[in-house]
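Asks: Use the sequences and the hints to build the structure in full.
2 protein chains.
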Amino acid sequence: MNRKMATCEGSEARSVLSRVPPLLTDLYQFTMAYAYWRADRHNEPAVFELFFRDNPFGGGFSLFAGLSDCLLFLQNFAFSDDDVEYLRSVLPADTDAAFFSYLKELDCSAVSVSAVPEGSVVFARVPLLEVSGPLAVVQLLETSLLCLVNYASLVCSNAARFRLAAGPRRRLLEMGLRRAQGPDGGLTASRYTYIGGFDLTSNALAGRLFGIPVAGTMAHSYVTSFSSLEEVWPQTLVPCGGAGSVDFICLVKGWLGRVCQILGSKTSLVREGELAAFLSYAIAYPQNFLPVIDSYSVSWFSVPQFESLIIVGTNSISEQSLAELSKKENEIDVVGVGTHLVTCTSQPSLGCVYKLTEVRGRPRMKMSEDPEKSTLPGRKSVYRLLDADGHPQMDLICLSEEAAPEAGVSLTCFPLGLNKTLQTVTPAQVTSLRLDVFTCGQITFPLNSASESRERAQISLQSLHPLHKRLQEPQDYTVVLSERLHSLVSDITKGNSKGSNFLLSN
Amino acid sequence: MNRKMATCEGSEARSVLSRVPPLLTDLYQFTMAYAYWRADRHNEPAVFELFFRDNPFGGGFSLFAGLSDCLLFLQNFAFSDDDVEYLRSVLPADTDAAFFSYLKELDCSAVSVSAVPEGSVVFARVPLLEVSGPLAVVQLLETSLLCLVNYASLVCSNAARFRLAAGPRRRLLEMGLRRAQGPDGGLTASRYTYIGGFDLTSNALAGRLFGIPVAGTMAHSYVTSFSSLEEVWPQTLVPCGGAGSVDFICLVKGWLGRVCQILGSKTSLVREGELAAFLSYAIAYPQNFLPVIDSYSVSWFSVPQFESLIIVGTNSISEQSLAELSKKENEIDVVGVGTHLVTCTSQPSLGCVYKLTEVRGRPRMKMSEDPEKSTLPGRKSVYRLLDADGHPQMDLICLSEEAAPEAGVSLTCFPLGLNKTLQTVTPAQVTSLRLDVFTCGQITFPLNSASESRERAQISLQSLHPLHKRLQEPQDYTVVLSERLHSLVSDITKGNSKGSNFLLSN
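Chains A and B supply the protein sequences, listed in that same order.
For the first sequence, the tail end lands on 514 under my numbering, and the numbers increase by one without skipping.
For the second sequence, the tail end lands on 514 under my numbering, and the numbers increase by one without skipping.
What you were told as hints is all true, and nothing was included just to trick you.
Derived BS3-like pairs (lysine-lysine); straight-line CA-CA distance at most 30 Å: (1) B:K374 with A:K261; (2) A:K502 with A:K428; (3) B:K274 with A:K374; (4) A:K381 with B:K274; (5) B:K261 with A:K374; (6) B:K502 with A:K261; (7) B:K428 with B:K381; (8) A:K381 with B:K336; (9) B:K502 with B:K381; (10) A:K274 with B:K374; (11) B:K381 with A:K336.
These aren't lab readings, by the way, just hints derived from the structure by calculation.
Quick caveat, the model's predicted, so the values are computed rather than measured.
Replies: Next up, the structure:
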């Protein structure tokens with residue numbers, strides 16, 4: 009196994025992450041921006057929030073990831089002249105030319121963001137990112153932010169589930185590059201599965217850019233490329249610390265006889281090409297011999313001298329097969345996972361949404377006949393309440409102007425969901441879930457390296473109660489609204505049910 | 009709907025496609041390259057081929073895509089000094105320093121590729137790409153080529169299935185950016201779903217880079233951002249070609265009464281904020297009015313004046329729901345598809361493999377206890393045999409030194425699969441499936457634009473017999489081996505079964 013920890017992420021990693029161009033968004037963001045501009049509403053202060061509606065994979069939690077990418081995207085947000093000329097060519101011919109001048113000047117200098125730190129355990133319906141700024145600008149950011157958070161959080165959460173299924177001892181190797189959505193899908197997968205709890209990646213570029221330890225085995229093609237022992241070179245070797253060269257081929261033939269005797273096999277059954285391949289590999293890697301033996305006809309063996317070998321298992325590993333593997337006694341040290349990890353087979357998308365919650369200081373709410381699709385109005389704060397054992401007990405969403413809850417002080421709140429009634433809780437500890445990460449165009453929170461986010465994920469997962477971490481049928485985590493937020497929702501909904509417009513509460 | 013065709017792909021598109029760095033590969037490619045180099049085998053001429061084992065989505069065919077990306081990757085293949093220093097830091101400390109000097113000089117000037125043109129209909133087990141060159145170099149290319157072909161071909165084939173489900177009339181809009189595997193997963197999805205038969209994308213950058221027509225509707229946030237008719241601006245408009253301004257709000261209120269009368273509804277039930285949003289949008293887009301009405305409480309209506317409206321349907325559309333939709337009479341003109349299209353929910357990976365078939369002019373074969381996992385030895389040619397109606401009838405794989413089959417001349421062959429017996433066929437037409445696309449480091453085939461590859465896909469799909477195109481339970485397409493190739497497989501397999509090494513037939 010060839011691996012070594014690179015120490016930090018360099019400027020090149022930054023430039024890879026930050027190269028998301030602002031044109032990488034849905035066209036309708038521009039058509040809406042123009043409509044706001046046309047109505048002279050583009051500079052109205054507005055607030056959007058980003059959240060997902062269900063924990064992925066039928067699980068009880070998710071990990072939040074993609075924040076560093078979002079911050080770099082915001083910091084570099086600006087349209088080139090070519091971008092603007094392209095937009096001029098696709099928007100209707102009667103679009104006011106002054107709008108394009110406006111686009112050329114646009115940046116995120118009036119935008120601020122509060123967010124959950126990358127790697128945190130998060131739950132459905134809790135706003136993870138709050139983006140405030142001029143209405144047209146924060147509208148334009150929607151698709152890019154969703155794109156950066158959705159897959160990163162999904163694959164990171166998937167990795168965390170594989171880690172839980174594997175248990176803490178076994179090392180996990182991500183090897184999904186060839187099955188990812190193109191080159192950068194693969195790079196994203198390597199970064200965020202590492203944050204989610206994998207130990208190693210096969211992706212050399214991810215190793216270089218993000219400091220992820222890299223590892224690899226051997227391909228079948230290497231084995232099939234050999235046909236005879238004559239291809240082994242050199243045929244003689246000088247022993248380590250010894251004097252005089254030794255005929256390596258003769259030595260191997262001698263050992264082969266002894267091994268075959270132990271295994272009760274015949275040396276005539278050994279394929280010379282395979283033997284030549286393994287010998288050549290051993291010559292190249294005297295300290296790091298790791299041959300591939302899967303798919304070949306091999307008898308499983310138990311030879312005392314082999315106990316120090318590292319065994320890597322790979323074979324279309326899924327979360328379920330990994331969990332099965334972990335239940336049994338076996339000698340596998342490292343498990344390599346590709347397709348099921350990076351494509352998130354059992355749920356290939358997270359479904360984050362980005363919803364308007366406030367314009368000009370007035371709360372906005374999208375109502376829907378499906379209550380799950382309604383949004384929570386107003387600018388908010390989010391707190392995590394911990395129990396006496398330090399486990400997260402519930403997340404509290406309240407209006408930003410409300411006072412923070414206090415440890416040891418009881419509070420009344422409404423669980424999210426239909427027909428839930430008022431309940432009282434006394435938290436042992438209270439933490440604010442989101443931090444100010446971007447203020448008026450400047451990144452105000454350290455850009456975490458992959459290993460820093462990975463450490464946060466481990467700590468965050470450790471504190472989570474085992475019932476919420478269960479891979480199957482986890483206990484639902486409670487998310488509650490403050491009484492004031494709950495009242496605001498009721499007021500707006502009632503206002504709406506009388507056929508009036510969305511009610512404005514203040 | 010705002011769309012316009014950009015005319016060609018510029019140099020910037022090329023640079024996006026070609027930026028796949030050669031370090032974006034699995035580490036084991038380097039460890040194997042070193043082992044070849046250590047055994048002085050790195051310059052032995054070798055041939056690999058790329059294929060997939062099963063058509064995706066339970067279908068009868070696939071579309072081949074990703075070729076332009078592969079060619080640009082090969083043309084630019086070279087390691088930077090920083091790449092090599094990184095590799096030095098992760099390979100074992102006793103790796104010979106001369107190997108790193110060798111890597112610094114490496115390029116694809118001795119590599120040649122023959123390939124199926126992008127957009128062609130292809131089938132399982134047929135080698136799509138043949139890569140020949142120095143053993144260590146063509147080994148190093150494996151992961152990158154697989155990464156570039158796998159998702160491109162998968163999502164392109166998925167798009168073709170959506171197109172078949174939709175029928176030819178309805179226009180299809182790809183809108184999956186926010187659900188793709190990060191920014192470039194989204195860009196890849198937009199390009200290859202267009203090639204597979206979509207008409208439009210919501211992704212503005214894909215529009216600019218690849219000349220794909222772009223389209224968009226309106227987000228809910230635009231609607232919820234309005235609360236009263238006072239926000240509509242301007243409130244008066246000058247009629248097209250008319251003189252004197254008109255009070256637009258009064259005019260709308262008048263029309264609203266008449267529409268409500270037709271619908272048997274009350275004007276008091278209309279939400280003023282929604283009305284304000286639609287009016288503002290209409291002011292911004294007098295010729296391109298396309299409001300979002302899904303998720304809102306709307307009565308379906310039939311008003312004569314509305315017949316000229318373009319109706320776009322979007323709601324987590326899958327291949328199945330699209331097929332259902334197409335069976336019914338309805339007025340939907342454009343269908344927008346996101347998640348299920350770009351994530352390929354029903355099969356999120358294609359599983360292409362890259363296998364060694366020849367070294368130093370001698371055929372190589374990987375044998376496996378699972379016959380499906382065995383490979384076909386030797387350097388090959390692939391022909392498509394057409395029947396008298398011009399439909400592809402079967403694909404013939406033979407050794408490259410064999411003469412091409414001729415139209416009207418009968419030939420004997422063996423269908424792939426277990427226990428298949430010799431059969432005779434007389435093709436009405438014969439075409440060579442692969443072309444020389446890269447010769448000794450130079451691209452020797454035009455780099456097709458997205459629209460050129462899309463046109464090939466349409467022509468290729470049109471000629472395919474409907475039985476092979478059926479989305480459910482398609483008829484199996486026949487892939488056959490020439491007698492000589494079949495003999496070679498038998499000889500090697502028998503040689504193997506006697507316990508000897510892989511037999512070399514010539």
